[in-house]
Structures are given as structure tokens and as C-alpha cells.
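Chains Y and G are the protein sequences, given in the same order. Position 316 (the first sequence) corresponds to 316 in our numbering; numbering is contiguous. Position 263 (the second sequence) corresponds to 263 in our numbering; numbering is contiguous.
Derived from the structure by calculation, the hints contain no laboratory data. All the given hints hold, so there is nothing to weed out.
The calculated SDA-like cross-link candidates involving lysine to any residue, where the alpha carbons are at most 25 Å apart (straight line), are:
#  : chain 1 : residue 1 : chain 2 : residue 2
1  : G       : Lys-80    : Y       : Tyr-257
2  : Y       : Lys-19    : G       : Lys-9
3  : G       : Lys-134   : Y       : Leu-97
4  : G       : Lys-9     : Y       : Gly-157
5  : Y       : Lys-9     : G       : Tyr-20
6  : G       : Lys-256   : Y       : Glu-14
7  : G       : Lys-19    : Y       : Val-381
8  : G       : Lys-95    : Y       : Gly-183
9  : G       : Lys-373   : Y       : Pro-173
10 : Y       : Lys-95    : G       : Ser-13
11 : Y       : Lys-9     : G       : Tyr-257
12 : Y       : Lys-130   : G       : Lys-95
13 : Y       : Lys-256   : Y       : Tyr-292
14 : G       : Lys-256   : Y       : Glu-5
15 : G       : Lys-256   : Y       : Tyr-8
16 : G       : Lys-95    : Y       : Leu-133
17 : G       : Lys-9     : Y       : Glu-16
18 : Y       : Lys-256   : G       : Leu-12
Per the computed footprint, the stretches of chain G lying under chain Y, defined by three or more beta-carbons under 8 Å from a beta-carbon of chain Y, are:
#  : stretch
19 : 370 to 381
20 : 413 to 425
Cβ atoms here follow ideal geometry from the backbone N, Cα and C, with glycine treated the same way.
There are 2 protein chains.
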Amino acid sequence: MKEQEIPYKIYLSENEIPKYWYNVRAVMKNKPAPLLNPGTHQPMTSDELSHVFCDELVKQELDDTDELIPIPQEIRDFYKMYRPSPLVRAYCLEKQLGTPAHIYYKFEGNNTSGSHKLNSAIAQAYYAKKQGLKGVTTETGAGQWGTALSMACAYFGLDCHVFMVKCSYEQKPFRREVMRTYGARVTPSPSMTTNVGRKINEEFPGTNGSLGCAISEAVEEAVSHEGYRYVLGSVLSQVLLHQSVIGQETMTALDKYGVTPDIIIGCAGGGSNLGGLIAPFVGRELKGGPKYQIIAVEPASCPSMTRGVYAYDFCDTGHVCPLAKMYTLGSEFIPSPNHAGGLRYHGMASIVSQLYHDGIIEARSVEQTSVFKAAEYFARVEGILPAPESSHAIRVAIDEALKCKETGEAKNIVFGLTGTGYFDMVAYQQFNDGAMNDFIPTDADLEKSISQIPHFPGNLA
Amino acid sequence: MKEQEIPYKIYLSENEIPKYWYNVRAVMKNKPAPLLNPGTHQPMTSDELSHVFCDELVKQELDDTDELIPIPQEIRDFYKMYRPSPLVRAYCLEKQLGTPAHIYYKFEGNNTSGSHKLNSAIAQAYYAKKQGLKGVTTETGAGQWGTALSMACAYFGLDCHVFMVKCSYEQKPFRREVMRTYGARVTPSPSMTTNVGRKINEEFPGTNGSLGCAISEAVEEAVSHEGYRYVLGSVLSQVLLHQSVIGQETMTALDKYGVTPDIIIGCAGGGSNLGGLIAPFVGRELKGGPKYQIIAVEPASCPSMTRGVYAYDFCDTGHVCPLAKMYTLGSEFIPSPNHAGGLRYHGMASIVSQLYHDGIIEARSVEQTSVFKAAEYFARVEGILPAPESSHAIRVAIDEALKCKETGEAKNIVFGLTGTGYFDMVAYQQFNDGAMNDFIPTDADLEKSISQIPHFPGNLA
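So that you can see chain Y by itself, here it is in the shape it has in the complex:
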């Protein structure tokens, strides 16, 4: 098929929405390490996990053998309201850069949550409903995950209780109002309604909260109320599984036009978007297909892969969750609050961490002013105002396209555009005013937080 026949936007039909989630763990030679009980250091059992998580989601969390996991029809029906998402050929960006590269991006921002988070939120809400639960609890920082979960719970008539980090609750009232419009209860964290919240408020009067504290509150709230479970928007293998619809649609669209990607780029905070985008490509590669250059892009302010260690660590600051083996900066690491984007998580999904450890993917870190330069450039040329998170991938896509301009190579570059920046205008304003800075942790900062990773036999070897 000739290049000029590729439209600006490749839309698949609704019949082409994946019928299965793609479980890349099934084809990984080295499986991601299991979650550990923080007390016994033994793998978490299904029983232990099901106190916190929905039963079916526990099964998915533990399943590293089934390559294809059927997507229930009810979830596919919901997907039809906003999927398939377009794979866009960035003709205008290519032209403006003067690059021979062909650039494609999978755009997940055309839904009210504004990001890919809805793909997993609807699945988690569905299984909670199917289990006959009353509701779910979660935490949210910037608010994308909380918004997505609120939408999913509204659809299935589930109660949704979101613990929103206090500083975001106050500084991002609009995100909060979107959640309320979808019927969610939004509580600023730390609150006075949980033990852990009261304890933190007593110890640190006037604290603005943190994601770690909000997680602890959401977990406590779930386990102490009949008919509730806790749900999480990233890091977990089940979340990456649900997000595989991104990668599968991307692959179907590219296959349709005979395009083989040379480079696949995704931003990486907890790893949900990147893990979902690359899953089927990694699967194809591991089964003898083409070798792709896969680049995980993280912020220089929170460089878990490029400067962290591979070890078992706590997933939350409050240390109430299981231990996960991952690239981590230590659960005490607090990225600069001045960093405008998301991607502020100290660790990385176990699947992504293992793939990185095995050299199947690479990682790169970028500084935030250069990320916002790329974001502004992209907005003006391609029309879409990107989320700060997504703009990390844009930065590297542009860098790679400019390398092609030097070498004359017509590489196919594919990146994930996870969402829109409509609720991030405070960050854009900083950038527009020339008031944005870069924040890079010192070696001493990292040594300190890494030193707090739990020491036990085999860990931090």
C-alpha cells in the first residue's frame, strides 16, 4: 500500500475493538516477580489479595500464563463509546520538522477523563459490580485516574469514594468538580475520617498530603466497609493488562497499512500507558517477530529506571500495600512538588521493570522545560494540547525524528499520546510566563531514599 493512502487519522471499526486483553507476561521468559507479603516476605496469596481487591482482578493479577484474556461484552460495549481511539499520522509535525521519519501517535485523550485511564477504570468497576459490591475506593493525585473511575462507577451505578491529595483538591478544583458531576465522593487527604488520616493530621498539622497517604486512606476505607474494595490506576499487572487495548489497536491499524514501527515511545510514571502500548509488540518480538526499539520516557525529576535500583520495595509511602519488585527510588522519595507533569511515582510497574532489566526496552529521562517546549510545538503544529505526561513521549519522538533528519533515515516512529492538558493550564501558564524550572534530584537525595528500601535476604543484592 502506498504511503499517501494513509489517512491523517486511522479509525478502526467498532468490530475491531480487541476481544481479548493481551497478557504479555505469558510470553516473557523471565516473569515479573510476584508481590510479597510485607510481613512474611512470602508471595501474596489469592486469599490475601482478595481482602483488598475484587476477586476477578486478583485472578488477573496473578495470571502470568494466559496470553489472551477475554474482555466481557459489557466492557466492550462501554469501550464503544470512546474507542477505537485514532492512530494519527502526524503529517503536519513531520512537515514542520522536515524529517524523513514517519510519525504516528495513538491518541487516548478523546474522552472526558482526558486520558487512557478509562480503559482500566471501566474494567475494574465492571468486576466490582459483578461481584455484587456496593462501591470502590481509590486515591488520585492529579485527578485523571479519579475522573476515569468516577465515570466508570456512574455507568455501573457503583459508589465511588476518591481520596484526593489535599494540595490537588485545593489547587485543582475543576478536576474535583468533574468527579462530583459523575457522582463521586471526593475527600481531601489526609482526612479525619480514617485512622491513618487522623494520625497523619496529628503528626503533621496543616500537611498538604501525598499520594502515599491517600493510598493508605483509600485502602483502610475499603477494608473497613462491607461491600467495598480498593482499586488502583497504574503499576499493577492487571492495569497494564487492561491497557493492552491501546497496543492492540495500534498494531491492528499499523498492520492494516503495512507499517512496521522501528521505534515505539511511551511516557512512564507507574507504567500503565507504556505497558499497554508495548504489550502486543513485545509479545510479537518475543515470539520471533521483528525487534523494536522501545523507549520508556520518564521525567528527570523522578528517574526510577534511569537512576533507581531493581529491588523489592513498598508501593506506597504508608507501607500498607504488598512489596513489588521494581525499579525504584525508594518509597520515601518525594519528587519536587514543582514538577508540573504526573509521572511522579517512585517505582515502576513490575512488568515494565522486568522488560527493562532484560534489555527488551530502554529508558530515557527528560527535563520538564524541554518537555513543555515540545508540548507547545506539538500543540501549534498538530492542534492537540497535550497532557504534560504525554509530552514526555512527544519530546523523545521529536528528538528521534530530528536524528532521522540528520541521517536521512525514514524510520517509523510510534508514540503514545495518553491525554490532553486541559486541566493542566497552571503548568502551561508557568511555562508561558517563563517561570518554569527543571528539578533534578542530587545523587545524595537518591542515595538517601534508596537506602530506605527494605533490606532482607535476596533484596538489594
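Using the hints provided, position chain G relative to the given structure of chain Y.
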């Protein structure tokens, strides 16, 4: 074709983006009355208009004979970045309402301007560029038009100067920052940089500004700088012409599935969306096709059609623009500033006014709390958080669907969903807090503002 084959979202291919704008004036028996020179009360000539507007746009403004006006390839290329927009079958809404009606909506919100405004902005920027101009000026209230124009100007490398009503500039900083991100200069109005702005600031120290004042400033700025012209986002016939892409795509999508709409609904402020949505349907009807029930929905707080008069009136509060014949509440009419939606214009596009006057379309007014109830309901059921403006159409679509539930009729209801409400969360917050009220002008209010419509022979007969 069987009903079940209709997908949730009907996406046309990029080849199906219209190649012509549809000029409904060509088939109207009673043409919209021409713009008048406010001094002489004679029809504005092409020469007079071209001091303010781009030459090609003046031609389009005056053309009431050519039914099809070719869309330049450069504009169609830009349209490909976000069009065709989806025509959505509202299966979930139908099910939730329990109505036998079939509901469709044309969704124009999947672009960064968040609304249909981009369809005309890119056309106006293109003609300005083609004429060799340096830039354009405009006014914006809520900010959707200013955002759309900023995007269009960034694409063509034109300077863009937006006069933003001061209260919006301060209360909607995020809209302002989107415009700045696209490189626009945004000036709070009234400013100290124009004569009219200085005069108003002197007369009314501390004023928050008004759309009328911002228009006057933008026009002065354009005519007093070499290489600049003024552009407008609604009311004018050229704008409705550009917006006909909405209606044409809707018609193509419905024709493809053999669906004939019984009712077509659009919100109406200045008339740009409604005029664009209905243009080809009115054309088909006037040429002997089926009779459609077309409903223009306006806010009860600014009821230009349902409670105004049909007369020549000023388009702006500052009285610097030509007179237009339209349904109007008088140019001195100021809708309650507490009204959360847009649609706060005292008049109505001449084309829409004439169609209403001739009984080809009907008009209905709705109150804002009932509009926000419909908006919240729609958001939860269909997933999309609608703009307050668009939600006026949702309100009436739901009302009509519920009538069908009573009568058992399976009518086809089509409405325009012009945009998203992401930058309108202050209004949603009011609604969520139960702090929203309805504002309906008294008869005395309207008599007063209507009495200020200019009296001259033949007007206000």
C-alpha cells in the same frame, strides 16, 4: 439497512469531508435582509465591508445565490486533523430513558478548541493569510472562539490579537493560557490601548467589560493597523456557511444508514452551530424533500427568538458595526452575568432569524437549572461532559425522547453536541453545590431594551 448495524459512532472517511460549504441562502425564497450602513441605512457595499473584513470573506458574506462554495484544499487538510467528527448513536441514553426514539448527536468537541468554532476559525485565518495580511483581531467572551482562532492562526503563522472580556480574562485564566500557548496576544477588555477602551475605562472606572466593548476594541485595533482585519465567530452569514460542514457530515452519515431525522435540535446563541447543522436539511426540505421539525433552543435568560422582535439592530453594544435584521432583544440588553452558559447574545444570525420568521424552524427557551440537570444526566450516561451551551440542545432532545416514550413513537431525533464543558467547571460546581438559579428577564426589562432598537422608516414597523 437494519437498525442494529448502526454503530455507536458513525465515522466518515476523510474523503467524505465536504468539498463545498453549503450556502442555504441560495435556496431560501425570502433571503436574509442585507447588512445596513448604520449612518445611511443603505446596504453595506463590498468596499465598505472590506475595510473591516477579509476580501474573500466579504464575497461570501454577500453571496446569496451560489448553493455550493468550494472549500480550499488547505482548509480541508486542516479539517482532516479533527474531522469528520463522529455522529453518535446515543444507545445508552435511549436505554436509560426507556424511549422508543432513536437519538443521534453530532459531536464537535473532539478538538482542543473544545467546540465547533474551529470550523470557521480556520477558514477565516486561511483567507487572511491568502490576502497577505499580518494578522487578525477578535473578541472573545467565554473563550471558545478565541481559542479556536488562536489555533487557526498558529497553524498559518498569523498574528492573533484577542480582546477578552475582562471578567472572563480574570475568572477564566485557563482559557486565556490555552490561547497564549497557541501564541495569541490576549488583552483584557476594556484596555488602555484603544480609544474606545480608554474612553470606557474613564467613564466606568473599574468596569469588568462586556462583549460589546470588546468587539468595538477589536474592530478599532484592526482598522487602525496596516495588514490587519477583524474576524467574528458567529452571527455572520459567512460563519454559518463554514459551519455547514457539520450539517453535511450529519446528512451523509444518516443517509448512509437510511435514517431520516424527524426532529433536528440545536442550541442557538448567535446561531453559528444551529445554522451550520440545519443548512443542508433546510436546503433539502426547501427543494421538495421531507419536512423536518427543527428546534432552535435558547436560554430563557436571553430569549431573542421567543421574546424578541424582528428588526434591524446593532450587532454590538458600541454601535460600530453594521445593522443586521434579526430577532433581537435590543443591543443594550445584558443577560444576567450569573448565567453559566454561553448563548448570551442579544440577537440572532440573519439566516436563522429569517427561517424562524418564515416558520421553517421553531424556537424554544429553557431554564438553566433544567439544562444542567440534563447535562449531568447525559454526562453520566453517555460519558461526555457537555458544554453548558450544548446542554440546551440535550435538554430538548431528552424532552422530545420522553414525549416519544408517552406516545410510543420511534422518532429519529438528531441534535448538535457543540462542545465539551472542561473549562466550565465553575458552573458545574455551582450546580453540584445546589447554588445555581434561573434568571428570566421581566417584561419590563425586555420592553426597555427593545425600545432602544433604532427607529427608522420600515424598521420596527
